Amino acid sequence: MRIYVCVKQVPDTAASIRVIEGKRIDERMTFIINPYDEHCLTEAAKIRDARPGSEVIAVSLGGPSARDILRSALAMGAERSLHIQSERPHDAMETARILKAAIDLDGKPDLIFTGRESIDSCGMQTMFRLGALLQIPVLSNAVDVDIQEGEAFVSTEAELGSRLQYSLSLPCIIGAGRGLNTPKYPTFPDIMKARKKEIRTLDLQDLRFEPSASSMELLELRTVAEDRTPRPIEGDPDTAVEELIRILEQEARII
Amino acid sequence: MMQQAGVFIEETDGRVKDSVLGVISYLRQKDVACCAFVISGSPGGHAEQLGAYGVHRIYAIEFQEEAQARNPQFKARAVAEAMQAAGVTILFGQTSPTGRDLLPRLAALFDAPLVMDCTEVDLEDLTVSTSAYSGKTEALYRVRGEYLFFGMRPNHHLKKPAAANPELIPFHAKHRDANGTAFIGKTDTADQGRDLNEAKVIISGGRGLKNGENFQLLFDCARELEAAVGASRVAVDEGWVPYTMQVGQTGLKVNPRLYIACGISGSVQHFAGMKTAGLIIAVNTDPKAPMVKNADYYLLGDLFEIIPKLTQKLKARAVGKKTA
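Chains A and B supply the protein sequences, listed in that same order. Numbering (numbering that gives the first Met the number 0) for the first sequence: 0 to 254. Numbering (numbering that gives the first Met the number 0) for the second sequence: 0 to 323.
Keep in mind that the hints were calculated from the coordinates and are not lab data. A quick note: this is a predicted structure, and the numbers were derived from the prediction, not measured. Please note that a few of the clues may not be correct.
Straight-line alpha carbon distances no greater than 30 angstroms define the calculated DSBU-like cross-link-like pairs of lysine-lysine that follow [what the hints assert, rightly or not]:
1. B/Lys29 - A/Lys22
2. B/Lys321 - B/Lys209
3. A/Lys183 - B/Lys321
4. B/Lys199 - B/Lys292
5. A/Lys22 - A/Lys195
6. B/Lys173 - B/Lys158
7. A/Lys45 - B/Lys308
8. B/Lys308 - B/Lys199
9. B/Lys321 - B/Lys308
10. A/Lys22 - A/Lys196
11. A/Lys195 - A/Lys45
12. A/Lys183 - B/Lys185
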């Protein structure tokens with residue numbers, strides 16, 4: 000089985016974001032692998048290990064930070080990886096086309112994993128666009144995956160924590176939710192081994208795709224002001240709770 | 000000519016969700032004529048409720064077989080067909096579990112732009128505001144395309160009634176190809192709490208709760224407040240409560256009018272899921288906790304004393320009101 004895992008570099012969630020020229024962020028910070036993609040890699044490795052002769056290929060689009068996180072993906076179990084080099088931003092329509100072109104160039108997928116969303120831009124759509132381009136079925140927010148002959152049984156999480164069960168014909172695309180598994184983080188030997196694994200570099204010019212007639216263009220990015228001024232609710236517990244109730248009634252107006 | 004947009008209707012307990020009525024009210028205030036798309040077993044396509052909020056037309060989508068209504072692929076195809084029949088090229092939905100599946104499928108079908116977690120959409124100059132980088136920034140996008148899709152942030156716009164007399168149009172979906180996707184079944188979780196996405200009030204617990212049993216204190220208080228109960232990642236990772244209760248970066252992003260954080264230190268990741276709440280109240284023993292420093296109100300105290308007292312006083316109040 001050939002399993003592709005699309006991974007994305009995202010700013011470390013704890014880092015503060017500095018906006019430059021009102022349009023982009025200062026990238027001098029730590030980038031991490033998108034947390035949902037760690038679930039993808041863990042699941043892909045598990046499926047691969049149960050099927051001798053299978054391989055996991057990590058794919059990422061971006062600048063040098065994309066290359067760094069591909070190294071992490073290799074340490075988390077991918078055999079090899081594809082780095083599509085690009086320094087400019089791409090909208091969701093274009094990203095899906097680029098990923099499809101890169102996968103087409105590399106081989107025929109049996110299964111593709113993506114995270115259910117990236118935690119930076121939260122578009123939540125790349126997997127569906129990739130599925131439409133490849134004309135294969137897609138499900139996102141998967142919390143359970145069972146691969147059988149020619150078929151994937153997938154549970155997704157829906158409203159109020161209910162679960163929906165589906166079967167998808169292979170090849171298919173699965174967007175990993177957080178409940179899918181507990182990510183298996185690399186050990187020191189894994190990291191050492193990853194250094195010797197292949198990162199195949201692809202240039203955008205080498206990829207063939209028809210541009211979309213639609214577009215999404217970022218016009219402006221601005222920092223959200225943290226404008227809450229904390230006020231204390233004081234007094235002994237009884238007084239404090241009375242004051243709390245007053246706030247619920249008169250300010251929050253919920254009782 | 001008055002501009003026209005579609006709204007995909009989500010329901011809960013056989014009623015249209017308040018958050019969807021909020022989106023309809025928002026569009027109406029912008030002088031946009033709303034066309035509702037309903038996939039529902041309930042006859043009448045919610046005409047009465049949707050009419051009360053100013054919807055002009057309702058497409059009540061019906062399937063050839065009942066099972067198709069549960070297949071996301073059929074659902075998306077059916078809404079696409081109905082949009083074309085209605086001459087609607089702009090569709091609004093919600094950033095909810097339903098919207099997260101349906102809207103990207105539609106956007107992919109039409110190769111059209113989609114922005115999720117929208118707060119404001121300007122249909123004149125086609126710009127849209129959304130959050131980015133864990134809510135630390137706000138992004139403004141311009142979208143271009145023959146079709147446009149928007150997933151609104153739930154509860155960002157509140158519902159406001161305005162009566163209309165909608166035309167109800169039954170629509171029969173024709174699409175027959177499941178595209179390799181088959182629906183097998185549905186399992187409901189045992190804990191049927193309130194929907195965190197829809198909740199006006201959320202009371203959440205973190206490390207300070209110490210174990211799963213103690214969450215009962217929050218559930219008891221939530222009953223009095225008609226609130227949903229949430230949790231921090233720590234509480235979920237410790238196995239105290241299910242993942243479905245997690246608020247934060249890798250959990251649910253919620254937008255209630257009131258958020259009460261009990262024993263939650265307040266990591267950046269937790270704030271990413273609740274920072275848009277109307278009012279934030281922190282109950283914590285640690286005056287240095289980021290939750291305390293970024294709340295509107297903080298109560299420095301032992302939640303094991305404060306929360307039961309609050310529950311008790313709210314109960315007494317409710318009884319007092321009834322007898323009064």
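Quick rundown of the hints versus the structure:
| no. | hint | result |
| --- | --- | --- |
| 1 | B/Lys29 - A/Lys22 | holds, 28 angstroms |
| 2 | B/Lys321 - B/Lys209 | violated, 36 angstroms |
| 3 | A/Lys183 - B/Lys321 | violated, 55 angstroms |
| 4 | B/Lys199 - B/Lys292 | holds, 23 angstroms |
| 5 | A/Lys22 - A/Lys195 | violated, 37 angstroms |
| 6 | B/Lys173 - B/Lys158 | violated, 34 angstroms |
| 7 | A/Lys45 - B/Lys308 | violated, 49 angstroms |
| 8 | B/Lys308 - B/Lys199 | holds, 22 angstroms |
| 9 | B/Lys321 - B/Lys308 | holds, 20 angstroms |
| 10 | A/Lys22 - A/Lys196 | violated, 36 angstroms |
| 11 | A/Lys195 - A/Lys45 | holds, 21 angstroms |
| 12 | A/Lys183 - B/Lys185 | holds, 29 angstroms |
Going through the hint list in order, the structure does not satisfy hints 2, 3, 5, 6, 7, 10.
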